[in-house]
Amino acid sequence: MSAEFIAGIVVFVLAAFVGFEIIAKVPRTLHTPLMSGANAISGITIVGAIIAAATGTGAVAAALGFLAVTFAMINVIGGFMVTDRMLEMFKKIPSKRT
Amino acid sequence: MIELAYLTAGVLFIVGLKGLTSPRTARRGNRLAALGMLVAIIVVVVDMIGLDAKLAWGVAIAGIIVGGGIGAFLAIRVQMTDMPQLVAAFNGFGGGSSMLVAAAAVVASNAFIPTETAVTTALSLIIGAITLTGSFIAFGKLQGIVPSKQMFLPGGTATNGIIAAAAVVAAGYGIFADSPIGFWVATALALVLGITAVLPIGGADMPVVISLLNSFSGIAAAMAGFVINNQALIVGGALVGAAGLILTLEMAVAMNRSIPSILFSQFGGGATAEDIGTKPVNRATADDAAIALAYAEKVMIVPGYGLAVAQAQHAVKDLANALEERGIEVTYAIHPVAGRMPGHMNVLLAEADVSYDLLLDLEQANPKFSQTDVVLLVGANDVVNPSAKTDPDSPIYGMPILNVDDAKTTIVVKRSLSPGFAGIDNPLFYEDTTLMFFADAKQALEDALSAVEAL
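Those sequence lines, one after another, are chains A and B.
Each residue of the first sequence is one higher than the one before, counting from 4 in the working numbering.
Each residue of the second sequence is one higher than the one before, counting from -10 in the working numbering.
If you are wondering where the hints come from, they were derived from the structure by calculation, not from laboratory data.
For each residue, glycine too, the CB sits at the ideal point set by N, CA and C.
Each hint should be verified, as a subset may be incorrect.
Stated by the list, open to error - Simulated pairs of lysine-lysine, DSSO-like, Cα-Cα distance not exceeding 27 Å: (1) Lys287(B) to Lys306(B); (2) Lys95(A) to Lys306(B); (3) Lys7(B) to Lys94(A); (4) Lys397(B) to Lys378(B).
Said to hold, decoys possible - Okay, the calculated bits of chain B under chain A, using three or more residues with CB under 8 Å as the criterion: (5) 361 to 367; (6) 417 to 430.
To be verified - Derived coverage of chain B by chain A (criterion: at least 3 residues anywhere in the stretch with Cβ under 8 Å from a Cβ of chain A; other residues may be distant): (7) 74 to 82; (8) 123 to 132; (9) 271 to 285.
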């Protein structure tokens, strides 16, 4: 196996552990924004999609690149925006009880 | 330098997710993660800018504009009650994009890829493809386009097993024979598998399915990261994979079911028709409910998916306001699987301006029911079914429930006595201390509010 591949595995395992530790502490009340926000992060595949679109040659590669970028951007923009919309609503409001 | 810039993006994702551990810091956390994404996009564009390929850049920019526009449109327009299907759709697009990135790598190399990278290419194709079609079936079920009840495919689980095995064999051929055909066949089979695997799963199990597909979308992105040797994809993908997996396990625990049993087995149907509706219940009117609520000291509201269906989150808040003005303590108890995705009820109540410190989860709420005068149950059923504690023969036996039967009085707002998604009769409805208020959730809450105000 190449050194790059092994380095990738190290990064993957460490990131997964960090992810478990942090995300286990997210309160249940925020699980929907967590999921949509995490979902937006999985749109990081946009990087690969842009590389594919920018380096591809031929009609097939162009079509794949266009679709990959489009799908990833739906995920990124939609995911972060809708998460922001939800989190804006979570407020601590003083009780009206008299 | 480029690697360090990608690392910055990865760190921002982690710091951003850490912000989500408290409602106070959550919004800033999400924005930090979005900033990380912007950094990653700028870096890749700068990295690629030296390439003299005008047509290809046009393709990338067109995709950014079209995709960004669609994403923004959906994010602005969606109603909070429809959040599960939107997240399902976004999962599908993310997985689909990772699949396409791997596909582009196969096309570019004509499948002459080193074995280890070829394995991750195949994984990215297969997992991404399952996520794409599986998510759109889940979307269809939640949106009501695809029937949400359980379906039975010919051959059942065995059919899915055969498709999965065939996809692995085809991928193996692609990897070891350097054959693009092998990769394409594996991808096609995985696209079919996403459909056949999710189609049979019932609507009530959607929280688990969405969580698992969320995890898959992350893993597919991480595998695509190996394909193009990019650490930002690996870090981001691994984080999302972990997040989705934690939520999946939590949903499974909240239903007291194993993940394989949700994905591969049939469920429900315990109650026979003649059991339901023949036993006597205490029927209540809006006035009865209002009197019980208005003269209580502590009221706990238990919302379920029926609240979302009826769009009754604002009506429930209006009623709670009227009760609070009378000096009554009102809190909310939310079961982990009360909605169609983890935390769905919390978002709906936050939308209606309910303060988040009043939203109690299962462990916080259960010790409080014995000191609660009135529980107002709106559109919830299986998550409060005492059979889960008392009847070893019940299909939901062992599932953690909200112990609303500890409260002095329970008012159940429900359309009829029909069983919940698990198809099980609920002994709570026949208790002496239970009042059954048969009506549409929103109408019932509005009528109860008018009655409280008239007192």
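Each hint tested on the structure:
{"no.": "1", "hint": "Lys287(B) to Lys306(B)", "in the structure": "holds, 15 Å"}
{"no.": "2", "hint": "Lys95(A) to Lys306(B)", "in the structure": "holds, 15 Å"}
{"no.": "3", "hint": "Lys7(B) to Lys94(A)", "in the structure": "holds, 19 Å"}
{"no.": "4", "hint": "Lys397(B) to Lys378(B)", "in the structure": "holds, 19 Å"}
{"no.": "5", "hint": "361 to 367", "in the structure": "violated (count 0)"}
{"no.": "6", "hint": "417 to 430", "in the structure": "violated (count 0)"}
{"no.": "7", "hint": "74 to 82", "in the structure": "holds (count 5)"}
{"no.": "8", "hint": "123 to 132", "in the structure": "violated (count 0)"}
{"no.": "9", "hint": "271 to 285", "in the structure": "violated (count 0)"}
Comparing the model with each earlier hint shows violations of hints 5, 6, 8 and 9; every other hint is respected.
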